[in-house]
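Chains R and E are the protein sequences, given in the same order.
Reminder that position 75 of the first sequence reads as 99 in my numbering, one-by-one numbering, no gaps.
Reminder that position 168 of the second sequence reads as 220 in my numbering, one-by-one numbering, no gaps.
Keep in mind that the hints were calculated from the coordinates and are not lab data.
Heads up, a few of these hints could be off.
Which stretches of chain E does chain R cover? Using the computed rule of at least three CB atoms under 8 Å from a CB of chain R, they are [what the hints assert, rightly or not]:
1. 165 to 179
2. 187 to 198
3. 302 to 310
4. 336 to 344
5. 370 to 383
The list that follows gives simulated cross-link-like pairs (lysine to any residue, SDA-like), each with its CA atoms no further than 25 Å apart [what the hints assert, rightly or not]:
6. E:132 - R:157
7. R:90 - E:389
8. E:458 - R:172
9. R:155 - E:177
10. E:132 - R:92
11. E:159 - E:96
12. E:132 - R:172
13. R:90 - E:177
Quick reminder that beta carbons are idealized off the backbone N, C-alpha and C, glycines included.
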Amino acid sequence: MSLVSQVATVLINGLQQGAIYVLVAIGLSIILGTLKFVNFAHGALYLIGTYVGLFITLEVQLTGGKLMEWGYTELGLGWGFLPALIIVPAVVFVVGIVMERFVARPFYDRPDTDQILLTFGLAIVVQELFKILFGGQSYNFARPAWASGPVSVPVIGSFPQWRLYVLGITAVLVAGVYLLIEYTDFGLVVRAGTRDAEMVQLLGIKITRPYLMVFGVGAALAGVAGVVGGPLYAVNPNIGTEVLVPAFLVVVIGGVGSITGAVIGGILIGETLAILVAVAPQWSQVGIYVLAAVVLLARPQGLLGVEEVTP
Amino acid sequence: MPQANGGPTRRDVVKAASATGAASIASIAGCLGGGGGGGSEDYPALGNYPVEGDTVMLGFNVPQSGPYSSEGKDELRAYKLAVKHLNNGGGWVDGWSDLSADGVLGKTVDYVTGDTATDADTARQSARRMIQRDNVQMVSGGSSSAVAIAVQELCQQEKVMFMACLTHSNDTTGKNCVRYGFREMFNAYMTGQALAPVVTEEYGDDLEFYQLYADYSWGKTQQASMKKFFEEAGWSEVDSVPTPLGTKDYQSYLSEARNSGADAIFLNHYGLDGANSLGGAIDMGLDEDMEIVMPLYNRPMAQAAGGAIEGIYGTVAWDAQIDNEPSNSFTKAFGDEYSGRVPSGPAQLAYAQTLQWAAAAERAGTFYPPEIIKQLEGRSYNNLGMGKETMRKCDHQAQRAVPVVKGLPGSEQGSGQFFDLVNLTSRSELGYGCDEGPAGECELGSYE
């Protein structure tokens, strides 16, 4: 295999691995940027997205948990992947809105530590709830039949087809959210809120509804990430917490509140992982933290973050 | 057998003499004292001995979270079943003359459970709590060799017995062996011995192979054993790369493996990691370019990997398809208890190890650990469904058969069957002397 194709393989691997983090991180970033709300339960939304997606897509033989004990040995609609891709974001959007209204809103004016405690606790509750209902074991989220197996890609050779779809879906969603934030009135309020939420309110904009929407959209993105990422890994109740830490690193690197920042952060983390695996595998996990630390030292607000307007 | 340094040393002779002495004193004391259940009069206090009250407590320390939690769940089911059978009869207890179906040595068996979280420190804390707070007489558990080694070390210090469940690293009964630990499961060395003839016969005897391995005790000894036995069989290793435990996405590692141009790839991953790496390999069509070998399989992992295991060779701790009386009776008892569920290999190990300990205590007539240890050491048995076995005295490693299996296609999987049993490699074709392989590095430590 030629050097060019090897390098191309590493790069596309990195791009794809970063894609899921980008989807999760965008929501995290705009919620943190606009609402100043540290949402450690964002991974739980990914978890919900994956499981709901799994049960919409396939008929799953349950192998543990209370539901099985109660006699539901098989669960799921078996509708296939595309319906899941439409239904899941809607479901998780609603979950996000409920979460904003009843969990986040009472805590907007509280210190970060309170928000972290609250949302971290919530994440654990959700995770344990899934464990109780579906068991702690892993389920196989089979790839859609039309996208399973490898496909031949120029230069690179054969590449898992599903991972190309992941890249494509991520690109479309990111573009959609970018347009929403950059070119709509809603986006204008969000962007203004990211800069200075207090000033937005002083201008007479009732910020509650945009806040609700921001939370819902962020949640829906995490949900979609869950569906898209589900077939890449075995599904179990810990996946939410596992995706959260890299997603936070993406936000740290890219800068809070910036969509472009999240994309760049995600790609950087994905590529760092992929390149290190190729040259020094034992350093691959450490590498992403070193990357985050270096960015923090050089640019504390992240690569594309804006310095906070201090009141 | 070469006797250069493998024959009995002065130390062994002294140890044997003192052991015989202790045993005869014990038997005399047993006669005089009427062989009382807890035996508190016969032996000095040691570890958690003597047992106070009417209950003897056991500690089941399994991963209930982390990458090996599926295995832990099934182990726990089997432990609970073993306790139930010890107290009330059923399963193997009915056929084992040593066991009474009335607890152990007249005491009711009870248990506490812990979550190792597949992490050595957490596991050690959990075991310490069991030993110090709950006064357990025996700790069992496993699913990660790093965990098993850490816990058995603690058990040796605390003079509490450790009946290892699933741990496959050579080190568990090799350089990290302890007097208080016993292992029924075979190790990576024996997996290599069992797998190499079958796999080289199937794929040819002059292939280049590439290895990915989980970066901890088990993965390292597994990689080394595969290299040793496959190179002896004529294959050559191109490269071997460590992957962190808990890696979710193996795509980059697998791409590197394909770039190496090797003919075969060994995925030395287990549990969820195994499901993810194998799933990733199939997804990228690696099976079209290379032969994939999954040296150590198990059921929860096969379940998570789905149809990806089709045609892929590996070994399992035990499988319900092994058709003999003990295997069938365990499968039935387990199924009766858990609504038809087929037990996994780790479940069989958990059940077997609990009963082994109980039977040894009954034979010893006391809970005094050194006496139980002596009952297990060098014992030959044929009642666990794996044919004739010996729990070797020199390293506490069971010498036993190893099941070699091949993954079934997704469409043929179901109701607990995931593999086709290709070969039950008998123990005469496996194993190693007390002075070679992992056993050569073993120093068991003291009885008391």
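So, going through the hints one by one against the coordinates:
1. Counting residues of the segment 165 to 179 of chain E whose CB lies closer than 8 Å to any CB of chain R gives 0, which falls below the minimum of 3, so the coverage claim is violated.
2. Remark: the segment 187 to 198 of chain E is not confirmed as covered by chain R, as 0 of its residues place a Cβ nearer than 8 Å to a Cβ of that chain, below the required three.
3. With 6 residues carrying a beta carbon less than 8 Å from a beta carbon of chain R, the segment 302 to 310 of chain E meets the three-residue requirement, and the given coverage holds.
4. Coverage of the segment 336 to 344 of chain E by chain R holds in this model, with 4 residues showing a Cβ closer than 8 Å to a Cβ of that chain against a need of three.
5. A stretch counts as covered by a chain when three or more of its residues have a beta carbon under 8 Å from one of that chain; for the segment 370 to 383 of chain E and chain R the count is 0, and the coverage is violated.
6. Among the hinted pairs, residue 132 of chain E with residue 157 of chain R is consistent with the structure: their alpha-carbon atoms are about 21 Å apart, no more than 25 Å.
7. For the given pair, residue 90 of chain R sits about 16 Å from residue 389 of chain E by alpha-carbon distance, which is consistent with the 25 Å threshold.
8. With a C-alpha separation of about 22 Å, the suggested pair residue 458 of chain E and residue 172 of chain R falls inside the 25 Å cut-off, and the hint holds.
9. A hinted pair counts as satisfied when its Cα atoms are at most 25 Å apart, and residue 155 of chain R with residue 177 of chain E qualifies at roughly 24 Å.
10. Taking the CA atoms of residue 132 of chain E and residue 92 of chain R, the gap is near 19 Å; set against the 25 Å cutoff, the hint holds.
11. Note on residue 159 of chain E and residue 96 of chain E: the hinted pairing holds, with a Cα-Cα distance of about 20 Å set against a maximum of 25 Å.
12. Under the criterion of a C-alpha separation no larger than 25 Å, the hint pairing residue 132 of chain E with residue 172 of chain R is inconsistent with the structure, at around 40 Å.
13. Between the alpha carbons of residue 90 of chain R and residue 177 of chain E the distance comes to roughly 29 Å, so the proposed pair goes past 25 Å and is violated.
Going through the hint list in order, the structure does not satisfy hints 1, 2, 5, 12, 13.
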